[in-house]
Amino acid sequence: MIKNVTSLKNLRQNTTIAAILLFTLFMLSAFPVDVTAQEKNPVTDDEVNAVAKELYCPVCENVPLDVCPTTACAQWRELIREKIREGWTPDEIKIYLAEQYGDRVLAEPPRSGINWLVYLLPPALILVGAIYLGLNIQRMKKKPIINTTHESTDPIQPQDEYMKKIEAELKKRESKNG
Amino acid sequence: MIVEFGYGILIISLTLSIFAAIASVYGGIKKKPTWVESARRAMLLIFPLTTISTLVLLYLIIRGDYSVAYVYSVSSSSMPTYLKLTALWGGQAGSLLFWAWLMAIFAFAVSLRNWKRDYEFLPWVILVPSLTLAFFLSMVVFIENPFIRFWADGMGKIYETMFQPAGADLILPPDGRGLNPLLRHPGMIFHPPALYLGFVSFVIPFAFAVAALITGRTDDRWIRITRRWTLVAWLFLSIGLVLGMRWAYDVLGWGGYWGWDPVEIAALMPWLSGTALLHSVMIQEKRGMFKQWNMILTILTYDLVIYGTFLTRSGVLSSVHAFAQSAVGPLFFGFIFITLAASVGLLIYRWKDLKSEASLHSVFSRESLFLINNLLFMGILIVCFWGVNFPLLSELVSGQKVTVGPPFYLRATGPLWAALLLLMGVAPLTGWTIASAERLGRTLWKPALISLVSPIAAAISGIFIIPALLGFWLITLVILVTFFEYWRGIKARIHSTGENFFFSLWNLTAKNRRRYGGYIIHIGVVLMGIGIIGIELFQTETQGTLTPGEELRVSNYSVSYKELAEFDAPDGRNVARAVLNVSKNGKPIGELYPRRDFFYDAQQTMTIPGVRSTMEDDLYVILVDWQPISTRMATFKVYHNPLVNWLWVGSLVLIFGSLIAVWPNREE
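For the record, the sequence lines run as chains A and B. Mapped onto my numbering, the consecutive letters of the first sequence carry residue numbers 1 to 178. Mapped onto my numbering, the consecutive letters of the second sequence carry residue numbers 1 to 668.
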C-alpha cells in the first residue's frame, strides 16, 4: 500500500516533469534565440558584430552591416553567426561573402589588380608634393634676401603696424631680461 | 495660377542672369560703364526675384498643395510647420532652387559693395556669380523643376508636367508622402543652409580671383578684399559640417558622428582646400609669395564646391549608371569642366605675373611651415578625392563596385592630421622669413616638455595606445603654445599701455582679430581632437537580448531592461520605446529611452538612441530589435563613447573663434 502511494507520487512527479519539459520545449521553439544561448558555445552578438562591422551589404550603401537596421542585414548577421558557430574565422567569412556578393561587401577594396591604385596613388602624390616642396625650399634658400618686407598695395595696415610695435616691445624686454 | 507665377519669375531670373553675364563681359571688354552698371543692376534684381519664387514654393508646401509633384514628394499634412520649411531643401529640385537663391543673396551683397577703388574688377566679379546662377537656374527651370504638377487624362493616365496637357485635368492627391524621416531633425533645419551658405560664399573669392586674372591686377588686392568672404565661407562650411556630424550622432543610430560617407567627404573637400587657402593667403599678404598657389587653391575650392554639389545631387554615388539617367549629372560635369578649363587657362596666361616677390630663406620660417601645412591639407584632400572617386572608376573599368570605407580613410589621413596638430603647436612660435632651428628649439622645448605631462598621466592611468598618447601630447602642446602666444601679447600690452589684464586681452584680440581669432580656432580644433580620439580609439560596445530585469555591461556602466511600449504618436508615426535603468559603478543614475520610430507616410523606420552625455563620456543605447507581441524580450546595443562631448564643445569654440576673426574692423 505504502509502496503504491509512493509509485503514485512518482507517477505524479513524472507527469509534472514531463509537462515542464514539454512546456520548456514549446517555449524554446517559440524563442529560437534561446536555443543558441543554451548551446555549449553560444555565439554572442558581440562576436557577430565584430565581423559584421567590417562588412557592407550590397543594398544599403555605406552603412556597416553591424548597425544596418534592415531585415536583409539582420539575416546576413544570422548567416555570420551560423558560420562562426561552424568554426569559420572572420577572414574566411569575409572571403566567402565577397565571393558570393562581390568585393563591395568589404570595407576596403581587396589588394589586387587595379585596386592597388587606391592604396598607392595618394602616398605617391603626397611624396611627389613633399619632394617638390623640399627642392623648392632648397633652391629658394640659396637666393639672397632681397625683400623681407613685402610692399603691399594696401596703404593702411593698422594691424601690421600694431604687431610691429608689439614685436619691438617684446624684443626690448627679452634683451633686457637676457 | 500661383504655380505658373513662381515658375515665370524663375524664367525671368534666369534670363536676367544670362543678361548680366553677357552685359558684364561686353561692358568689361569695351570699357562701357553703362553696360557694367546694367549688369550690376540685373544682379541686384535677381535676388528679390528668386526670393519670390522660393517663397511661392514655400507657400505651396505650407498650404499643402499636393498637386505639385515636389510638394507631394517632400511634405505631408501631419508635418509641423518648421519641418515644412525644411522640406524646401528636402528634395532634389527644391535644394537646387535653394542653392540658387543663396547664391543670389551673395551676388546681391557683392554687387552692393563700394566699388570705387576696384572698379576694374566689377564686370568680372559680376560674371562669375551670374554664370553660376545661370547654371543653377537653368537646371531648375529645365530639368529639376520644383513647380511641375500632376495631371490625369480621361483614360486615367498621369502626367507630370509644368503646363496642362491636352485633355488632362489637375489631380490633387489628398496627402503627400512626407519628408524623409531621417531629415526630420532640428539639426536638419540648419545643416543644409549652413553648408550651402558655405558653398556659395566660396564663389565670391573665386570671382575676385578670376577678375584679378582677367584684368592683370594680380597684386594682393583681390586677396585683401576676399579674405573676409573666404573666412565667412569657411565659417558656414564648418558650421554645416559640425551640424551634419551632430545630426548623424543623434539620428542615424550607429554610435558615431562621421562615417566617411562620400556625401560627407563631398562637403569636407572644399573645407580642406579652403582651410589651406586661409593659411597660405597670409604668406601672400605678408611676403608677396605663392600668388600662383593661392590662385590654384581658390580655383580648386570653387570647383570642389560645384563637384560636391554634383556628387550629392547627380546620383553618381549610388552608381555610375544612375548618373547618365538624369540630365543633372552630365550638365554638372560639363559646367565643372568649362569653369576649370577657363580658369586654368587664365592662370597659365598670367602665370609669369604671379611670380613671388620674395623667396624662402629657412625651412623653419613661418612661410615654410605654412607651405607644409598646405601640403598636408592637400594630402588629406587627395586621399578623400581618390577614395570617393575610386569606386566610380573601378565600376567603369572593371564593372566591379568596391567600397572604400572608414579603415582606408583612418589609416591614410590619421598621420596627416597628427602632423597638422604638430604644426599647429610649432608654427605660432616661428618668425617670418628668417628662423633657425636653434631659435625655434629654444622657444619650443619648454612647452614640448611640459605637454608630456598629459601622455604620461594617461599612461599611468593605464592607457597604452600609442596614437592616443601621441594625440594627447600634441593637443596639450597646441593649447600651451596658444596660451603662451596670448600671454606674450598681453604682457607686451600691459607693459606698453599699462592696461589691466582683461582690457589688454580684449584689446589684443580686438586689434588683431584674424590672428587671435585664429588661435581660438586652433584651440577649438584640438578640443574637437580630444573628442575624436575618445570615440575613435576608446569606443567600446556590446549587444545582447534581454528580458526585463536582465542587464548589459559596458565600461563601468550597466543598463538593465525595464519595459517596452509600442504606441502611435499623433504625428503619424508608430513608436517602440524601451525604458532602461542605468547605473554607474553599481549606483543608479537614471533612465534611458532608446526608441524605434516607424513613419507611416514615408514607410521608413528611424533608430533614435537613448544617450546619457557627460564631459567624461557618453552612454549611447540603441534599440536593435524586440519581440513584437509579448514585448518581453528586446535586443539592445550599448556604446560607451569616451570624451565625445569635447567634439561639440570644441566646435562651439571654433565657431566663436571664427566669429572673432570675421568680425569687421572699425576702420574697414
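If you are wondering where the hints come from, they were derived from the structure by calculation, not from laboratory data. Each hint should be verified, as a subset may be incorrect.
List of simulated lysine-lysine pairs, DSS-like, C-alpha gap at most 25 Å [claimed, not checked]:
(1) B:562 with B:286
(2) B:491 with B:446
(3) B:157 with B:116
(4) B:30 with B:157
(5) B:286 with A:141
(6) B:584 with B:562
(7) A:141 with B:587
(8) A:94 with A:83
(9) B:157 with B:32
(10) B:562 with A:141
(11) B:491 with B:562
(12) B:587 with A:53
(13) B:491 with A:94
(14) A:141 with A:94
Quick partial rundown of chain A residues pointing at chain B, CB under 7 Å, derived from the structure [claimed, not checked]:
(15) 43
(16) 45
(17) 46
(18) 47
(19) 49
(20) 50
(21) 67
(22) 71
(23) 72
(24) 126
(25) 141
Backbone N, C-alpha and C define an ideal beta-carbon position, used for all residues, glycine too.
Which numbered hints fail: 1, 3, 4, 7, 9, 10, 11, 12, 13, 14, 15, 18, 20, 22 and 23
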